[in-house]
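Visitor: Protein chains in written order, with this note's numbering: chain A, -18 to 197; chain B, 127 to 337.
Just so you know, the hints here were simulated from the structure itself, not pulled from any lab data. Hints should not be assumed to be uniformly reliable.
Unchecked claim - No more than 30 Å apart at the CA atoms, straight line, and that leaves these computed lysine-lysine pairs for BS3-like: (1) A:K11 x B:K264; (2) A:K29 x A:K11; (3) B:K264 x A:K29; (4) A:K11 x A:K30; (5) B:K264 x A:K30.
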Amino acid sequence: MSRYPLSSAAARGWWHCGACGLLCRGVSEKRGAAAVCPRCGAEVRARKKRSVEYAWAFLLAAIICYLPANLLPIMETAMLSGTQNDTIMSGVVFLWQSGSWPLALVVFIASVLVPLLKILAMLLLLITVQCRSRWAPRQRTRLYRLLETIGPWSMLDIYVVALLVSLVQLQSLASIKAGPGAMAFGAVVVLTMLSAMCFDPRLIWDPIEENDDRQA
Amino acid sequence: MNPSFGQRHQTALHACHECDLLQYAPHSDVQNVACCRCGGLLHRARGYQPQTSLALVVAGLFVFTLANVFPVVGLEAGGVRTATTLLGTASQLMRQDMLPVAMLVLFTGVLLPGIELLALLYLLLPLTLGRAPRGFPKVMRLIQMVHPWGMVEVFLLGVLVSLVKLAHLAQVHPGIGLWSFFALIILLATSASRFDAALLWERYQSCRATH
Chain A
-18 MSRYPLSSAA
-8 ARGWWHCGAC
2 GLLCRGVSEK
12 RGAAAVCPRC
22 GAEVRARKKR
32 SVEYAWAFLL
42 AAIICYLPAN
52 LLPIMETAML
62 SGTQNDTIMS
72 GVVFLWQSGS
82 WPLALVVFIA
92 SVLVPLLKIL
102 AMLLLLITVQ
112 CRSRWAPRQR
122 TRLYRLLETI
132 GPWSMLDIYV
142 VALLVSLVQL
152 QSLASIKAGP
162 GAMAFGAVVV
172 LTMLSAMCFD
182 PRLIWDPIEE
192 NDDRQA
Chain B
127 MNPSFGQRHQ
137 TALHACHECD
147 LLQYAPHSDV
157 QNVACCRCGG
167 LLHRARGYQP
177 QTSLALVVAG
187 LFVFTLANVF
197 PVVGLEAGGV
207 RTATTLLGTA
217 SQLMRQDMLP
227 VAMLVLFTGV
237 LLPGIELLAL
247 LYLLLPLTLG
257 RAPRGFPKVM
267 RLIQMVHPWG
277 MVEVFLLGVL
287 VSLVKLAHLA
297 QVHPGIGLWS
307 FFALIILLAT
317 SASRFDAALL
327 WERYQSCRAT
337 H
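Chain A extracted, bound-state conformation (with noise of 0.2 Å):
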């Protein structure tokens, strides 16, 4: 890897420290270094540790259960009637065709909508960065931003499928029990966060030197 841009603040010896927000002084110019806040005690860097690294292995493994999340059952309903089988797209379907259209929209951008985008996000932003692309820094970190703002929010259905397991539970009349597809949804939601968490927006900006700034 080559070394820091002359505009950063890495480049002349000044670490932000992640935990209590004291700009401390680096100790090398090599990359992992690690020092001590002579505030907090925490341990600084000039980047996030392994950042990269740790963002790839969370993307993928939420890629990988991506797709039983949104294949198997979330929710496995008993009723007089006979068993039905839901999964979030379903979930979906039935408040539309219920008539409540504006919570249909909400479930479906929460639980649908934002862990794809989230996940193509991260991807975009992984490829980017280990490209060194200099394409649109602002606007990465703008989404880096974005990111970890609706990062929580996809954990609506799960809340969803825990009160109707616990509320639904009508003897004969009607009972309902979390399918395989609720563990591998928290599953997503949790490692898209973790992911969008260690990745470092920092290192958008690390290809880019001072003259490029007003083309950016």
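Following the hints, complete the assembly by docking chain B onto the known chain A.
Guide: Just chain B, lined up with the frame of chain A:
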């Protein structure tokens, strides 16, 4: 209120935590300061004083207890009544051999928000009394670690969705827990919006210097 409120305009050296640009930026009490290259937040405007945050946290803990003790929603169909709390949903999932999902609900809905509130109480109470709490840096790091995993507001939206789904099946009764969750979210959002970590660090250092 801070006597120097709105008057200080020194500049300080900052490294943007999102793009690592080294820059001098004004140190304002009344405005957020953003990075001139990527727009990342360099410095937050002065937030709540510790005593204001403490009041919000104590109220939050009170409402948090209510929200977890009283049922959130109840269901009535064919003479059978069921009601559940957030803890109840986790234990029901556990009974169905869905331990990972149960743990996820338990941690993101109950344990982590609870830990965050208690940790804040542990820091803010001594600081308002002018004492430095023991292990301040570690607890600050704990709060920072736990914060992104608290998902109470997502749970509330989940309640709304399940209410609509169940309305066809049976009669649903929103419970005291639901209103408490509403209050909790408002309190948590207010306290987080102007949580001033830098101010707490300043207080901690001055308290430690005088004692």
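Visitor: Could you run down the list of hints and mark each one as holding or not?
Guide: Hint-by-hint comparison with the structure:
1. A:K11 x B:K264: It holds: about 27 Å lies between the C-alpha atoms, which stays within 30 Å.
2. A:K29 x A:K11: 13 Å, holds
3. B:K264 x A:K29: 19 Å, holds
4. A:K11 x A:K30: Distance ~13 Å between K11 (chain A) and K30 (chain A) Cα, so the pair holds.
5. B:K264 x A:K30: 20 Å, holds
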